[in-house]
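Asks: Chains as they are written, first to last, in the numbering used here: chain Z, 1 to 366; chain W, 1 to 505; chain G, 1 to 192.
No wet-lab data here; the hints were simulated from the structure. All the pointers check out, no bait thrown in.
Straight-line alpha carbon distances no greater than 30 Å define the calculated BS3-like cross-link-like pairs of lysine-lysine that follow:
1) W:410 / G:101
2) G:85 / W:410
3) G:137 / G:171
4) W:402 / G:76
5) G:101 / W:454
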Amino acid sequence: MTTDYLAARAFASPHAHGGGEIRRTMLLVLAALTPATLFGFWLYGWSAFFLWLMTLSSALFFEFMSLRLMGQKDARRTLGDGSALLTGWLLAMTLPPWAPWWVAVLGALIAIVIGKQVFGGLGQNLFNPAMVARVALLISFPLQLTAWVTPLPLTTLPAPDFIAALHITLGQTPLPDAMTSASLLGYAKTELARGIGLAQALNAGHAPPLSWLGVRAGSLGESSALLILAGGIFLLIARVIRWQAPAGVLAGALIPALIAHALAPETYLAASTHLFSGALMLGAFFIATDYVTSPITGAGQLVFGLGVGLLTWIIRTLGGYPEGVAFAILFMNALTPMIDRYLKPRILGRTWSGRPLGTTTTGKGA
Amino acid sequence: MGLMEKFFGISWGIHPEDHKRPAADAATRVMPMPERLYISLAQHLGAPALPTALVGQKVKKGELLAKPQGVVSAAIHAPTSGVIAAIGEIPAPHPSGLPVLAVTLAADGEDAWSETLQACDDPFALEPDEISRRVAAAGVVGMGGATFPSALKLSSSRKAGVTTLIMNGGECEPYLSCDDRLMRDEAAAIVDGIRLMLHATGAKLAIVGIENNKPEAIHAMQTAAAPFGDVRVRPVPARYPVGSEKQLVQTLTGKEIPAGALPAEVGVVVHNVGTAKAVHEVVRLGRPLVSRMLTVNGGLVKTPGNVVAPLGALVEEVLAFAGGLAAAPARLIMGGPMMGMSLPHARVPVVKGTSGILALSGAEVADHREESCIRCGHCARACPMGLLPLEMARHIQGDDLKGAVKLGLKDCIACGCCAYVCQSHIPLVQYFAHAKGTLAAEDRARLRADAAKKLVTARNARLAAEAREKAEVAARRKAEREAAAAAKAAVAAAAETATEAGAAA
Amino acid sequence: MFTAIFSLTILGATLGLALGIAGRFLAVEANANVAELEALLPGTNCGQCGFPGCSGAATALVGGAAPATCCPVGGKALAVAIAEKLGVRLDLSGVADEAPKLALVAEDLCIGCCRCIKTCPTDAILGAPKQIHNVLKEACTGCAACVAHCPTEAILLHPVPVTLPHWVMPKPSSAVSVGNCVTSFAERTAWV
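All chains, please: the whole structure from these sequences, using the hints.
Replies: Written out as structure tokens, the structure is:
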């Protein structure tokens, strides 16, 4: 038997593998997103489902076309790594649930083609594709991208049935006025601009406690902070993500929010409101932890997260937009190469500056 | 410490499935002497040995076949008695399958030891340098796989004033259990070897580090070391690569070896437990290193276990003795799966550094199509040296070797943790091996170019000197000719004047 | 909306043009001098580059008359070093990094004419009139200066065989991880 053996080439070590696979990682992330997504479907009805389906299939389509255009013969197999699916899914989570179909298609196009493939495909993009698409859509179509609907379980109106929901997604039915409502952050911003204090403004049906359960107006998948948190904890346990980036994001937003709210509760929203509103939770656990566009080392991820959190709070509080997670993440994405450059691990036997250790210093001290 | 490590994510290394049992629990088998042995002359780090035996010469077991050449080299002895059949090239146990010079020995079946061997009943009465000398003469090299000549380490440790001898019984590579088996079977011999090494190095304390997944070996060693206060056995957490020199020293002593320095810099020296056994045999019995314990393992080996094989036996014969294979292997490895070398085929000999022979199935090797790097950073977290493998590979991919060196390529110990955890199945270690080889080739080319430049300068100087000499000679000749002509003219003129004068008179 | 698109396009085009022009006219001139480049070159004056000796090649390199890849003896490594010194971008696609070569005398053809000995820049050929010549492989640079001078074609270049200690693990052949599109990660981080 052994005489049969003839090696095809010189194989490099190691001759074993831990079994990790991109596909597996992506599937775990998708699994973690599922509960929050299903909750979104329940809140916003069939239209939300159609929008989600539309975004995902467009993302897959554009990925396939890009790979083909770039001459990759094995396009279908590369598609199987699940990264395009994840990008599409994340984008869908951030869209208004009753947005028309073309928002989904255009968003997927921007995310996959401009946000990812133009840079060279998987692993090469500097900015998070879903956030690129989200921001591009928000700036280009502010009206459609802020048309939030009141969660169906809260309204007295009958929920649109399958066919009616299809009409909404296809853009043939304008949103009924009774259904639209502002998101909490948007509402607070408008009221503040009108000179009304927060204590008074938040009395009128926009009580923050509702956010705890996620029954509030908002994006398709960002509503239930608790379910997203559960997904995030699942990813932490599965060792897909690490704690540094999410902790950084939450701390970066909460610390300034706590201080500001304690100083002037009339002008600054409470920390809990920040925490359970908008995309902060989704951003912390699913976007800021994106491998490709975040720093490599734990320390780098912590800095990255703190930056995202702080910028989010600044944009929400001082900026023109009521929500700032997407902008904050894009900004920190741009800083990622720099963070990676300065926050490298220490090489064993060398000082932080890379010189060999002196004979007197030992590992503990350095 | 453990909690802090977990919290800040600075834990290095991996926890691969160890596959050590049942091979580790099977009793050791001694392989019968094959008819022919192929003894490679490059079984150690450094210059190959110079053959001293002649073709057709009859040798006894333990007789010198080749002597060391240069400072870093090792002697090679006959693993059995017989006749030298040939001295020539054979395929090396190396991924490239390139040839290596070897002595072919036809065994006579008597396996008779040479009578000139020098045993010693009271080795502790010997001078420390005498022990080092005997170890050098016996051709002992590091048995863990690095195959650095042990005697050099012993004598230089003494000069450097080493205080602690670290004995490496970590054996963190999956599948391998030869050190484990040796510690279970020969604990007393190993402890004796350790004490001899303490004597030779002048170190005060020996710490034996054994991974805590080998309770039997720990127990055996503790029992054997109990009477001696200067030999301590310390279990270390099972984690790959804790058996690597720098990592083991840090785990056992808390000291960090500076980059580019030897362990002696922090007052320690590291030897493998197998080396201690070899030292014991050399000094007590006078027997040189002619055989070794190795693990035959892998999913396709019918009866995995540990085998004592003579150096120079073919891998094919060792596998056949161990019970054969269930199917043709997907990959044949010499050493462990993490750092071992893939073999071109099974007709290559066992050498001093062969810690194991693995016949792995396709499922064990887990070959996979390479995908794009997604910068997940798992490699950076697994790296025991604190490097950024993904960034280094990027630079090497773009042929920017200088950039890779700046990131710490020279600190890489090629342990394979990065490639093991890589989700994209990028052959990171291959990139690093390629870059290190290319850099070494460039260094050699630079040395050659410098030497050539010196030759050119010397030649130009010589040509210039020759030309100058020629010109000088020519000038001198010309001057001589002119002088002669002038003299002739003067004589002629004088004669003329004389005749004129005569005529006038 | 169209005003916005239009104005941004104009803005982008103008700024891009300005950057392009600035890149061309304000490029940092690397001030490599002839002596520095000559130090890099092999110094064997073999003339394979087509310039009069290594100093001639160095002058041509500084003057821009020769490409960084002009020296076949130095191979890829030298081309990279020269390009770095000159501060130019290097296209290595044309450079086949050939394995090092050595001259070898065919003993049955050599007539012992000594012509090759006189041309060898490193004195690597040994021999006497009417005696078979031999090449000292330690001194031979494989410059091929001798080959043309042999009347019997007895001296030829042969690749140096790869030996065990000199074997280099081949580079992984992969097309996937390098960005085959606009930019690669190494380039995009070059600015920080």
